Amino acid sequence: MAGKEQLDQYWQRNKKIMVAVLAIWAIVSYGAALVAGWLNTVTIFGFPLGYYMGAQGALVVFVVLNYYYARKMNKLDKHYGVAED
Amino acid sequence: MAKDAFTQRLWKIYGIYTGVFAALVIGLAIAERNGLDPKYIGYIFMFGTIVVYAVIGIISRTSDATEYYVAGRRVPAVFNGMATAADWMSAASFIGMAGALYNLGYNGLAFIMGWTGGYVLLAVLIAPYIRKFGQYTIPDFLAARYEGSAPRLVGVLATLLVSFTYLVAQVAGVGIITSRFIGISFDLGVFIGLSGILVCSFLGGMRAVTWTQVAQYIILIVAYLIPVTVLSYKHTDVPIPQVMYGQALQAIETRQAELKNDPKEIEVRNIHKTRAEDLKQKIAGLPGSWDSGKKDLEARLAAIPAGDPKRADAEKAIKDYPKSQDDAREKWTAAMKGADASSKPPKSYVAPPSTTVDKLNFLALILCLMAGTAGLPHVISRFYTTPTVREARSSAAWALLFICALYFTAPAYAAFARMEVLQNIVGSSFAAIPPWVAKWASVGLVSLKDLNGDGIIQFAELTLMADAIVLATPEIAGLPYVIAGLIAAGGLAAALSTADGLLVTISNAISHDVYYKVINPSLSPSARVKLGKALLLVVAALGAWVASYKLAIIVELVAWAFSLAAASLFPAIVLGVWDKRMNRAGAIAGMIAGLGITIFYLVGSRFYGLDWFGIKTIASGIFGLPLSFVVAFIISRLTAEPSKEIREFVDSVRYPKGAVGSGAKE
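Going down the list, the sequences are from chains A and B. So for the first sequence, this note's numbering puts the first residue at 1; every next one is plus one. So for the second sequence, this note's numbering puts the first residue at 1001; every next one is plus one.
In isolation and in its complexed conformation, chain A is listed as follows (with noise of 0.2 Å):
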């Protein structure tokens, strides 16, 4: 196992990726539905943009999120040695 001093630059970073996925998640979500009204009047293909992002553009992010979660996270695992065996 990683010295005490590796374990906790670990988790520091963690936190810094748990806090940039989070904000990004709260922004496509939260701060694309307060503003719907103004992203409505960009029209893509026939969907008003505020629309999208509800009904499609904010799931198309969290799913991105999640699988940039795990390939970061397994990485930083195998750089702080504590990834599994």
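Since the hints were made in silico from the structure, they are not lab data. Hints should not be assumed to be uniformly reliable.
As the list claims (entries may be wrong) - Each pair of labels, with its calculated beta carbon distance range: (1) LYS1439(B) x THR43(A): 28 to 38 Å; (2) ILE1456(B) x MET18(A): 51 to 61 Å; (3) TRP1011(B) x VAL64(A): 21 to 31 Å; (4) THR43(A) x ILE1059(B): 48 to 58 Å; (5) GLU1556(B) x VAL19(A): 27 to 37 Å; (6) ASP8(A) x ALA1334(B): 54 to 64 Å; (7) ARG1647(B) x VAL19(A): 16 to 26 Å; (8) LYS1316(B) x VAL64(A): 47 to 57 Å; (9) VAL64(A) x LYS1550(B): 35 to 45 Å; (10) VAL42(A) x LEU1638(B): 48 to 58 Å; (11) ASP1340(B) x ASP8(A): 57 to 67 Å; (12) GLU1556(B) x GLY81(A): 42 to 52 Å; (13) VAL19(A) x ALA1335(B): 40 to 50 Å.
Stated by the list, open to error - Restricting the straight-line Cα-Cα distance to at most 20 Å, the calculated cross-link-like pairs of lysine to aspartate or glutamate (DMTMM-like) are: (14) LYS4(A) x GLU1648(B); (15) LYS1234(B) x GLU1475(B); (16) LYS1644(B) x GLU5(A); (17) LYS1580(B) x GLU5(A); (18) LYS16(A) x ASP1651(B); (19) LYS16(A) x ASP1579(B); (20) LYS1657(B) x ASP8(A); (21) LYS1657(B) x ASP85(A); (22) LYS15(A) x ASP1579(B); (23) LYS15(A) x GLU1648(B); (24) LYS1294(B) x ASP1278(B); (25) LYS1657(B) x GLU5(A); (26) LYS4(A) x GLU1645(B); (27) LYS1449(B) x ASP1340(B); (28) LYS1644(B) x ASP8(A).
Values in this document were obtained by computation on a predicted structure and should not be read as measured data. Note that CB positions come from ideal geometry on N, CA and C, so glycine has one too.
Add chain B to chain A, keeping to what the hints say.
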């Protein structure tokens, strides 16, 4: 490696399974063309799929505790993703979601965002750590982290509150689907459906449930995607509904704008308005108005001579009349709200809520659904079943991808259905009602009345219940009955898979957490499994018994479950991992405060007119969620720091490598 061989075998088995299922659907379609009675198609779909689930249960039977509770912890990420998706998507997601979007427009998107965004919280804040902890239930985690039986029992209480209402709704869903499609009675449908899942979970616990849920996911997603894909092809020549419904949105907005000032529509809206006002007066006139209304009906019946066919109508009116003052208040209020909504011109389908209160409710509901999703015990415990922390993380991503396959499509269902109604139904004559409207009107899912007597259908004269959209789409698209049967099989798979996961969660909470951990710790592993199995039967019977009352409130209670989970389990688990200073007193106080205030507001706003900031009952968790965090924080800072063992335990949960610390007391 052995693990890879196992995964490969799974791909092969489920590949063959999917092929056989596709062949069955095609075979039935050919048989239907050659004159097979649709009734038998319904039977084959229902019994065929239930037998498959039961067979998987028999193959996966086990009496080993780790297999029984957590499927041997060797479910690969992708398959756990599918199982979680099926576990998660209930009858309501499958059948009701598209309808909610149809009726609510933009406001319905709170469910889409809430029920998917919760998986980001789950993936980042909870799932990997629960896997590292690696015990059996959610109360296990609370007991290990917060030292002892009290947090465990509060966790059990929250688990039971959340899961049991949810279970009853699924059982009721099974009854509705079977009775509607197969034509057998509600009770018989419940009995057959439940025996199917019981064979499965009884014999193999989590292991059998997992492999059945994978099978159920495949059926439910195929069943969901096919009808709307054909419908999209029909309307736009492109079979990708998820992309093409933008056109439908445009058509909806244009047509609704036309209808806004249509004189006939205004006429019907005014009729609704008068109705709403009448009902308002009747409600204000309670209790006297209930008595006089009843007397009027009885007098009318007495005035009709015996043998007159009108008598039957009058008798029915008396039968349908509210049974009591309270019943009258409830029914009349619902009718008044319905009439009031129909008296206004249709709101823009894509516009977000405009008033501050509506905006607040929308955002609050999303938060409750998201945190609630991440706090549902039957979903979290699925993450105990992956082989590693690594796989738990990717499993959360796969689960969300598989869930999104359905939620991505639901808005397309709603938009195409609304376009069909606005363009082809509204404005046509009552003499030429399309068969699907007539069919679903006969079972009460569509209500259609020529209120202004002009013989033409106005938009304000037509109401579609939420369930009608998905159920009617095969007929709207002009598809053969076999597709309707497929939808039934899909809905059944959605209800059964969720019921399965819930049953196991509830029975484990009682057998493992209450009996084994608190009452009798000397119980042998095989006796624990036996007790769990016995409790499965009891809980299933109890669920069926409550469902048989067909209480209207059940559907609402499911939404309550999210608020309850968001305000109790979610904060306690998140703080347990992310806040090392959190201690026993803080966690217990937080859970109790969160649960208390949420139940208070749920019941108060639903039944006693309680109103804080205009927040609706469904978003009650918006008070409990922050309160739970704040109370936990303050109390933990005022009381002693957790012991060194517990701090080491938190570390062991945080880092994937190594064993779990000594905080986990057996």
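Against the structure, the hints come out as follows:
| no. | hint | result |
| --- | --- | --- |
| 1 | LYS1439(B) x THR43(A): 28 to 38 Å | 36 Å, holds |
| 2 | ILE1456(B) x MET18(A): 51 to 61 Å | 58 Å, holds |
| 3 | TRP1011(B) x VAL64(A): 21 to 31 Å | 25 Å, holds |
| 4 | THR43(A) x ILE1059(B): 48 to 58 Å | 52 Å, holds |
| 5 | GLU1556(B) x VAL19(A): 27 to 37 Å | 36 Å, holds |
| 6 | ASP8(A) x ALA1334(B): 54 to 64 Å | 57 Å, holds |
| 7 | ARG1647(B) x VAL19(A): 16 to 26 Å | 23 Å, holds |
| 8 | LYS1316(B) x VAL64(A): 47 to 57 Å | 55 Å, holds |
| 9 | VAL64(A) x LYS1550(B): 35 to 45 Å | 42 Å, holds |
| 10 | VAL42(A) x LEU1638(B): 48 to 58 Å | 51 Å, holds |
| 11 | ASP1340(B) x ASP8(A): 57 to 67 Å | 59 Å, holds |
| 12 | GLU1556(B) x GLY81(A): 42 to 52 Å | 51 Å, holds |
| 13 | VAL19(A) x ALA1335(B): 40 to 50 Å | 49 Å, holds |
| 14 | LYS4(A) x GLU1648(B) | 12 Å, holds |
| 15 | LYS1234(B) x GLU1475(B) | 13 Å, holds |
| 16 | LYS1644(B) x GLU5(A) | 18 Å, holds |
| 17 | LYS1580(B) x GLU5(A) | 17 Å, holds |
| 18 | LYS16(A) x ASP1651(B) | 17 Å, holds |
| 19 | LYS16(A) x ASP1579(B) | 15 Å, holds |
| 20 | LYS1657(B) x ASP8(A) | 14 Å, holds |
| 21 | LYS1657(B) x ASP85(A) | 7 Å, holds |
| 22 | LYS15(A) x ASP1579(B) | 12 Å, holds |
| 23 | LYS15(A) x GLU1648(B) | 18 Å, holds |
| 24 | LYS1294(B) x ASP1278(B) | 16 Å, holds |
| 25 | LYS1657(B) x GLU5(A) | 16 Å, holds |
| 26 | LYS4(A) x GLU1645(B) | 16 Å, holds |
| 27 | LYS1449(B) x ASP1340(B) | 16 Å, holds |
| 28 | LYS1644(B) x ASP8(A) | 17 Å, holds |
The structure is consistent with each of the numbered hints, conforming to all of them.
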